[in-house]
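Protein chains: 2
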Amino acid sequence: MMPSSLDALIEALRCLPGVGPKSAQRMAYHLLQRDQRGAARLGRALTHALEVLRHCERCNSFTEEAVCPRCANPRRDASLLCVVEMPADLAMIEQTQAYSGLYYVLMGRLSPLDGIGPRELRLGKLIARATEDGVREVILATNFTNEGEATAHTVAALLSARGVAVTRLSRGVPVGGELEHTDTGTIAQALVERKTV
Amino acid sequence: MMPSSLDALIEALRCLPGVGPKSAQRMAYHLLQRDQRGAARLGRALTHALEVLRHCERCNSFTEEAVCPRCANPRRDASLLCVVEMPADLAMIEQTQAYSGLYYVLMGRLSPLDGIGPRELRLGKLIARATEDGVREVILATNFTNEGEATAHTVAALLSARGVAVTRLSRGVPVGGELEHTDTGTIAQALVERKTV
Chain A
1 MMPSSLDALI EALRCLPGVG PKSAQRMAYH LLQRDQRGAA RLGRALTHAL
51 EVLRHCERCN SFTEEAVCPR CANPRRDASL LCVVEMPADL AMIEQTQAYS
101 GLYYVLMGRL SPLDGIGPRE LRLGKLIARA TEDGVREVIL ATNFTNEGEA
151 TAHTVAALLS ARGVAVTRLS RGVPVGGELE HTDTGTIAQA LVERKTV
Chain B
1 MMPSSLDALI EALRCLPGVG PKSAQRMAYH LLQRDQRGAA RLGRALTHAL
51 EVLRHCERCN SFTEEAVCPR CANPRRDASL LCVVEMPADL AMIEQTQAYS
101 GLYYVLMGRL SPLDGIGPRE LRLGKLIARA TEDGVREVIL ATNFTNEGEA
151 TAHTVAALLS ARGVAVTRLS RGVPVGGELE HTDTGTIAQA LVERKTV
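These protein sequence lines map, in sequence, to chains A and B.
Letter 10 of the first sequence, counting from 1, is numbered 10 in UniProt numbering, and no numbers are missing.
Letter 88 of the second sequence, counting from 1, is numbered 88 in UniProt numbering, and no numbers are missing.
Source of the hints: derived by calculation from the structure; they are not laboratory data.
It is possible that some hints are incorrect.
[What the hints assert, rightly or not] Below, computed lysine to aspartate or glutamate pairings styled on EDC-like, alpha-carbon distance capped at 20 Å:
| id | chain 1 | residue 1 | chain 2 | residue 2 |
| --- | --- | --- | --- | --- |
| 1 | A | K22 | B | E11 |
| 2 | A | K22 | B | E94 |
| 3 | A | K22 | B | E137 |
| 4 | B | K195 | B | E137 |
| 5 | B | K22 | A | E120 |
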């Protein structure tokens, strides 16, 4: 007995990650009853974003132009290429103000269980970008999760085989971290990768 | 350095209940990267729902017609009017198959802290509906939460003052419980044991 347009809206909301039938219903009622302006804005934002957003030809991140402003900036160091999983990771590295090179955003990570292999991640585009003239070093900055590590391994093997110099962010105890509150895996890793002082 | 259309999408997703900046970002990336078809469908569903959905003249629930199919059904008992907070509550009562009367959906509850008083709930529409000829009894089936109880009290006072017979679901429903999450047997029991207030 539910109007079909309401049913369709609840069903459509389930495409959002982590949203099941109950949350979708709650969201639909909230939008229709309490925030029609927000709902209209969301509808327009979705349509507009799908229309104008594409992947940067250089770094693969989202942009509205063919090449994003960061890749087009001549003041960035084009000899360094930092590989991250998502734009949010890129934003974190930018916040450190410790890096002025360029980026390549994978837009995901290898995740065989979710059916995301080298082909789905389109690693060919990364290889083409990383083997361009002028790239001196590729810094792998994928997450230190199982999937991020597996992605780094695969990318490192592909690029090394093509003669590209590849480095990885160092692992260890976080700055400001206390040993007592650091997990044993991290401490073990920091011991193995200890540095001469 | 984020494209404005992506920024606008992330901002727009925050109108969803329980969605903060991080989830909104995650949702936007998921939609753009992994489910563009779902995103397009959601955009269309939102626009369409806002266009065609309205409140039933009789029961105040969402419908695409002036009067919803349930209110227009001559086989329902028009002498009984059951007042619920949300369409989800109505659906639960229908599932008990213990009620064949009509409904009035408040589309909310009194919640002074959120600025929702009798005026915002438009209780005038309920009063007009409940005082129509042919309505023999109004059954209050708001939640047994603090806000639902307060709503029931207010509605009971308003309707009793106008000579309407008002009953409330019995306390078979656990105190502090919400209809949407209560088993149908308990709700059926509460319908049978409804008490005059």
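Against the structure, the hints come out as follows:
Pair hint K22 of chain A plus E11 of chain B does not hold up; C-alpha atoms about 23 Å apart against a cutoff of 20 Å. The hinted pair formed by K22 of chain A and E94 of chain B meets the criterion: a straight-line CA distance of about 17 Å does not exceed 20 Å. Distance hint between K22 of chain A and E137 of chain B is unfulfilled; the C-alpha atoms sit about 31 Å from each other, more than 20 Å. Straight-line distance between C-alpha atoms of K195 of chain B and E137 of chain B comes to about 11 Å, which keeps the hinted pair within the 20 Å bound.
About 25 Å separates the Cα atoms of K22 of chain B and E120 of chain A, which puts this hinted pair outside 20 Å; it is violated.
The structure is inconsistent with the numbered hints 1, 3 and 5, although it conforms to all the rest.
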